[in-house]
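Here the protein sequences come in this chain order: A and B.
Number 213 marks the last residue of the first sequence (the numbering used here); no jumps.
Number 237 marks the last residue of the second sequence (the numbering used here); no jumps.
One should not assume that every hint holds.
Claimed, not checked - To give a feel for the contact side, a few chain B residues facing chain A, derived at Cβ under 10 angstroms:
| # | residue |
| --- | --- |
| 1 | S56 |
| 2 | E58 |
| 3 | Q103 |
| 4 | P104 |
Derived by calculation from the structure, the hints in this document are not laboratory data.
Remember, it's a predicted structure, so these values are computed and weren't measured experimentally.
Quick reminder that beta carbons are idealized off the backbone N, C-alpha and C, glycines included.
So you can see what is in the structure, the chains are spelled out below.
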Amino acid sequence: MSAPLLTVNNLFCERDDRVLFSQLSFALAAGEIVQIEGQNGSGKTTLLRILSGLSRNYEGEIFWRGEPVTEVREQFCSEMLYFGHQAGVKSVLTPEENLRWYAALSPAIEGAAIAEALQQVGLKGFEDVPCHSLSAGQNRRVSLARLYLSRAPLWILDEPFTAIDKRGVAAKEQLLLQHAQRGGSVILTTHHELGIHGPVRKINLDRLLGTSV
Amino acid sequence: MRMDTNPRQSSSVGMTGLFAATCRREFLLSFRRKSDLVNPLIFFLMVATLFPLGVSPEPGFLAQLAPGVVWVAALLATLLSMDALFRSDYEDGSLEQLLLSPQPLFVVVLAKVLAHWMMTGLALTLMAPLLGMMLFLPAEGMPGLMLSLLLGTPTLSLVGAIGAALTVGLKKGGVLISLLVLPLYIPVLIFGSSAVQAAVTGLPLGGYLALLGALLALALGLAPLAISAALRISISS
């Protein structure tokens, strides 16, 4: 538990001639929850996209379990779950069909427990309904069901609570806490005040920019 | 424990599983969104229906043009359908998830292109004899038409997918795809329609089919890599 899972060293990112963050360094240990804060446009999503490997528009180093992430790409991808702005839910497929494809896509997603996961996100009875007839919140829930199926130690979540009702948010916070207690780590952005009483660390991109300029 | 899985263990099983799952997903998507499925086929049929009306209904004249017309119509029908290949995945975020999969990207890409070909290229090939008959293509030309389309349309799908992957991040990629991809379609068109011509006149068409096969082999080897790289660039920006 001593070596950090993810280490970020001197990260710099510029977008449209605007420095989003520079000299950003932090380490994420197992069992830790990190909340990225910042106002709209401060680069929260960009940071998460860089960490997940989707965007290569950065300078600096990222290490996964002590190795440069570019060299252990395959291992990193199989141990990471990314939840992006768009839910990644196909509207003409049913929740179950959507999740089944995700299970095929990543060995870290357990395909056997899909029905159970759908029940846990409150979509029992909607398994066979095409997602276009579900509400926006229910669509997000389909995607969030991946969290219940995931065996990946690192979760990168971009605004996971958007369009989710209060009870749903409480359940998801509980899930994040459980994940951390099992030795997993979470990096997330949210504008919602986290109700987790646990090892939550905050990184504020606004303040960071303030010191560096 | 839930954490201690070794992904490498299941990677070979995972790859064929992923290939099958992606094909199945693509078929499901197309059959539930029928307009995407039917559009290229209707376009193909329309060209063959309207062409005699616009040019001349004279059988001898049409028979002469038939190989070229059917091939051009098949090519344009494929091109029309290309833009949608990655567009919806890009818009709903599935493409990001696809790129973050620990499985090799070309497996999913190849599965998507194969499914796309089966619903456009293969369907066009099966419809082609009907169009041939409508355009008075002599019966001797039919095997040449079918075989050349069977070997040529997969190349069109593979090459078109490179263009689709490069332009998926752009708002209006449709025109750009045509510009990028059409020059690469020309050899396929030339050898394809020549094969039909040769079949009609009774010349051996093995040479043309061999060339189409060679183009297909080349595309099959290189296109998935190009598509994967193009998708990464499109998503990264």
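Failing hints, ascending?
1 and 2
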